[in-house]
Amino acid sequence: MASEVRLERLLGKLVVDAFGLPFGRIEDVIAEPQGDEYLVTHLLIGPNSRLAQLLASAHELPTLRALGLGRRPRVRRVPWSWFDLTDPDRPQLRRSVADDGQEGTRA
Amino acid sequence: MSKLLEIALGLVTGIGGFLEAGSLATSAQAGAEFGYQLIWAIALGAICIAFLVEMGGRLAAVSHHPLPDAMRERFGIRFFLVPLLAVALVSFLVLASEIGGVCLALQFTTGVAFRWWALPVAAALWLFLWKGTFGLVEQGASLLGLVTLSFAAGALKLHPALHQVGAALLPSLPTHDPAKYWFMAVSILGASVSPYLFYFYSAGAVEDEWDEGYLGINRAVAGLGMTFGGAVAVAVLVCAALVLHPRGIQVDRYEQVPLILTEPLGLWGFRLFAASLAVACFGAALEIALLLAYLVAQGFGWRWGENVRPRHAARFALVYSAALLLGGLVIVTGLDPLKLTIFSMALTALSLPVTVMPLLVLMNDPDYLGDRTNGWLSNAAVLCVSVLAAVVALVTIPLQIFGS
Amino acid sequence: MELGREVLDQQVIDARGVAMGKVDGVVLELREGEPARVAGLVIGGTTLLWRIHAGLARWAERRLGGEGHVTRIPWHRVLKIGVDVKVDVEAEASPASHWERWVRDRIIGRIPGA
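Chains as they are written, first to last, in the working numbering: chain A, 104 to 210; chain B, 1084 to 1487; chain C, 380 to 493.
In case anyone wonders, no lab produced these hints; they're calculated from the structure.
By construction, the Cβ of each residue, glycine as well, lies at the ideal position given by its N, Cα and C atoms.
Check the hints yourself; a few may be wrong.
Capping the alpha-carbon separation at 20 Å, the derived lysine to aspartate or glutamate pairs in EDC-like fashion look like this [what the hints assert, rightly or not]: (1) Lys116/A to Glu469/C; (2) Lys1422/B to Asp1335/B; (3) Lys459/C to Glu381/C; (4) Lys116/A to Asp484/C; (5) Lys459/C to Asp139/A; (6) Lys116/A to Glu385/C; (7) Lys1214/B to Asp484/C; (8) Lys1422/B to Glu1338/B; (9) Lys465/C to Asp120/A.
Covered, in the sense of this in silico footprint (three residues per stretch, anywhere, with C-beta under 8 Å from a C-beta of chain A), are these stretches of chain C [as the list claims (entries may be wrong)]: (10) 391-405; (11) 414-423.
Whole structure, please, built from the sequences with the hints as guidance.
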């Protein structure tokens, strides 16, 4: 049974893991072409704190970066299948971060 | 069109377009109160706006996106709305000031009070945009703007001590009334570094279909145009410094300002003053009204363009029409145009970080600029001036409102 | 392809080269046991409001009784994604141009010289 979810409402949402601990915020959704279709493969997850997001923006300006004011954000590519989106406003990881020691590959 | 001709036209746009209600009012006030001392503020403002205008042009030429369009794409709707509202609000106040400027010029010439001219002037502006093309607005208003060179003529006739003028290019501390001094410095910066200037220039580069081949022209036009334009503002300041300052006349009523040209140039000075004020403000008003339309239309992906008939860009036309009508209504209320102008210049300075930051981020993004991203000098210059201007504005505006 | 960066908020150009709005939303179709697919684009209506303030959007949809004049463009009609998004749809015929047409017919078009 198909249902739809809106990309723009997913962006910025906080993802929690199976224990309810914050995992990060959805930065983007990655889709790859397969035949005529584009299929969603990964979600890009970034830092969950507003401060980290602000520092990431500062990092984009070379002047501020040179002044040491920015911080390169930790962004992870997490496979789509790891997510449970039955409630699009509260995305969940199907497994806890501690599971098999991996959190998905770094972007 | 040959490159040289393009540069010449761009130069004319810079000269004719730089001076408007804001720079006229702030330069005159500064000259009257502090003599030559604040020339450095005009110079700093001109340098900063030259950088910003060059950036706006480069963004358009390389990415083929006008600035509002790129801002929406890059930042998403939420972080687009903040600078959008800031630029729109500040620019609207400046638009009302420009309409006020034209009305004042008409009051000086005819004796009929400025508020009765507000709606006719707004209608004339509207007609220009309704029937005109982008080329007409850009070049027509700028060519006519050359009449502002009369300030240069007036300044030269007053025989300023050139070494004193040159020395004032360096910042100096005030000898009296520091709160007013810094408030004026900040207002001058707000007058020179008006967001509408570089947002409009960027939109213009797209209307004129610039590409990477125009980058050299872009740099020449931005640099030379703003330099010569700044020189005209300096001329206004020098006239005020030599005519009003020795008499201790502080410009707090607009009737005093024409004196700065009537003394060196007599009756012709008066006529040229009124003509300069009218033309400069008229041109600026056209640009701002168009800019407000570009901001909204390009930000939301509507059809836009000054070269298309209004029915083919209906919402775009609605925005500039509404802006002109509302701007006219502000002046009809009888609000003092001089006070409105000075206030909106200070507000512009205060809002600079918000209005400038999106452009700065875009100019460092290789997705938009490829290998033409900003050098360290452009970034540092603009960042410094915007932050400094805002900080000083934050301090001096309340002092100005509650102090005097 | 990073959908947020490369598709969302891009300018949409119709089959005739006319500006049709911005990509206000992207629809992802969730399927049981299969990867989600990109179903299409959404332009206009209350879509933008949802990104600004969810409460405001809910109120607006209650007042309008729906999403408003929204245009859905199925993914197979998206021709090219680059500087802008080119689609094989006509703007004039779609709900996307409802307000443009309204302003043209009711206001701008009535003024001489339009």
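Next item on the list: Hints the structure violates: just list their numbers, smallest first.
Entry: 1, 4 and 9
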